[in-house]
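Chains as they are written, first to last, in the numbering used here: chain A, 1 to 116; chain B, 1001 to 1108.
Hints were generated in silico from the structure; no laboratory data involved.
Hints are not guaranteed to be accurate.
[Claimed, not checked] Simulated restraints on C-beta separations:
(1) Gly16(A) with Asn1053(B): 50 to 58 Å
(2) Gly16(A) with Asn1019(B): 46 to 54 Å
(3) Gly1029(B) with Ile12(A): 41 to 49 Å
[What the hints assert, rightly or not] DSSO-like mimics (lysine-lysine), calculated; alpha carbons at most 27 Å apart, straight line:
(4) Lys64(A) with Lys41(A)
(5) Lys20(A) with Lys41(A)
(6) Lys1095(B) with Lys41(A)
(7) Lys55(A) with Lys1069(B)
(8) Lys41(A) with Lys1003(B)
Positions of the beta carbon are idealized from the N, C-alpha and C atoms, including for glycine.
Chain residues, written in single-letter form:
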Amino acid sequence: GAVVSQHPSWVICKSGTSVKIECRSLDFQATTMFWYRQFPKQSLMLMATSNEGSKATYEQGVEKDKFLINHASLTLSTLTVTSAHPEDSSFYICSARGASGNHEQYFGPGTRLTVT
Amino acid sequence: DAKTTQPPSMDCAEGRAANLPCNHSTISGNEYVYWYRQIHSQGPQYIIHGLKNNETNEMASLIITEDRKSSTLILPHATLRDTAVYYCIVTPDYKLSFGAGTTVTVRA
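For reference, chain B alone in the conformation it holds in the complex (with noise of 0.2 Å):
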């Protein structure tokens, strides 16, 4: 029973930002949406979070809806090394339950 939709692949092209949407309409209160990318054959890293605010890191920049149905990861300037699977993820607590995700193709 999946807590998030995103969409399974998108490309974009160096140098650009990267708009990563994630659909949580049935997100709780209390659960944080997370985001991970996962590049082939490594352990997940973590990027980002947030609960009803916009965050920004030095990674990337998350936006949630108002409503938190939905949100946005935004990487700003995509380069061929953001190559990776994208996993956004809502918990309460924390135990990540990974989805499909994105595989995210950053061409020259």
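Bound-form chain A, shown alone (with noise of 0.2 Å):
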């Protein structure tokens, strides 16, 4: 299957500081990306959606300014989480979705951030 990748893995930052992760489709060109964020023993939540060459659609309850999103290619989406707080800690998957009619959605290993 296509492969998604996600760097960091992992990263601890200092409370107020900005953390970018990326998001890279290896093996295929994503016209969609999914951004989530999932709390210990929880679900995945859906935070937003981003096009290639568009602004994110963000979920009710998701602080657009907050959390930034840029797809500026097609093998490419970065989530930037500003001003990070403890509250932020969390882990953050991407998934990447390929031509129109492809139903599967390939998903990233995922981001363990831990605010401090």
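Reassemble the complex: the two chains are provided individually, in unrelated frames, and hints are given to aid placement.
Pasting the structure below:
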């Protein structure tokens, strides 16, 4: 199957700093990418949907100015957590979908963010 | 407002078939049924999807009832590596809404 990578796999940062997480589709062009967040012992929650070259669509309750999403190319999307706080500590997972008509979403391995 | 209902957990024996039920009684005509699974601390993995016909691939089979109000994911020969949380999701598009899923534990 198609491969999606995330970088970094884990990161520790101080409160108030910003952190950028990259999501790459390695062997296909991702027209749409999704960002999820997962707190311990909870399910995945969709944060936003991004289409290449256009602004991301955020789910209700997700602050777009805090979670900046850029999908500048068909193989790369980035999520920047700005002014991170301990409550932003979570497992961030991206997924990518290829050409129209392809039902599968391919998920990255996730990024564990810890804000101290 | 959950669209699907799954048992919270189930055990199955290694080498036996695992049958995972999912209730989606309010499914609309244009909604697909998707199954994904998540092994601990990893990203979810696509398993299979269907609209109204039964489907089979190299990983599993999906049986959808005629009224489409429920479905069953079948793992034909469960292995220890199939231990994971299994999510049944219904959606008309590509936005996936994950519920609590079923925690499947395969025992030797």
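Worksheet item: Is it true that the C-beta distance of Gly16(A) to Asn1053(B) lies inside 50 to 58 Å, as the hint says?
Response: holds, 53 Å
Practice prompt. Verify the proposed pairing of Lys41(A) with Lys1003(B), using a straight-line Cα cut of 27 Å.
Written response: holds, 20 Å
Discussion item. Given the hinted pair Lys20(A) and Lys41(A), is their Cα-Cα distance within 27 Å?
Written reply: holds, 24 Å
Worksheet item: Does Lys1095(B) pair with Lys41(A) here, judged by a C-alpha cut-off of 27 Å?
Response: holds, 22 Å
Worksheet item: Is the straight-line distance between the alpha-carbon of Lys64(A) and that of Lys41(A) 27 Å or less?
Response: At roughly 25 Å apart (the allowed maximum being 27 Å), Lys41(A) and Lys64(A) satisfy the hint.
Discussion item. Given a hint of 46 to 54 Å, does the C-beta separation of Gly16(A) and Asn1019(B) actually sit inside it?
Written reply: Distance hint for Gly16(A), Asn1019(B) holds at roughly 50 Å.
Practice prompt. Assess, step by step, whether the Cα of Lys55(A) is no farther than 27 Å from the Cα of Lys1069(B), and give holds or violated.
Written response: violated, 36 Å
Worksheet item: Does the Cβ distance between Gly1029(B) and Ile12(A) fall inside 41 to 49 Å?
Response: Since Gly1029(B) and Ile12(A) have Cβ atoms about 48 Å apart, the given range 41 to 49 Å holds.
In this structure, only the earlier hint numbered 7 is contradicted, and the remaining ones agree with it.
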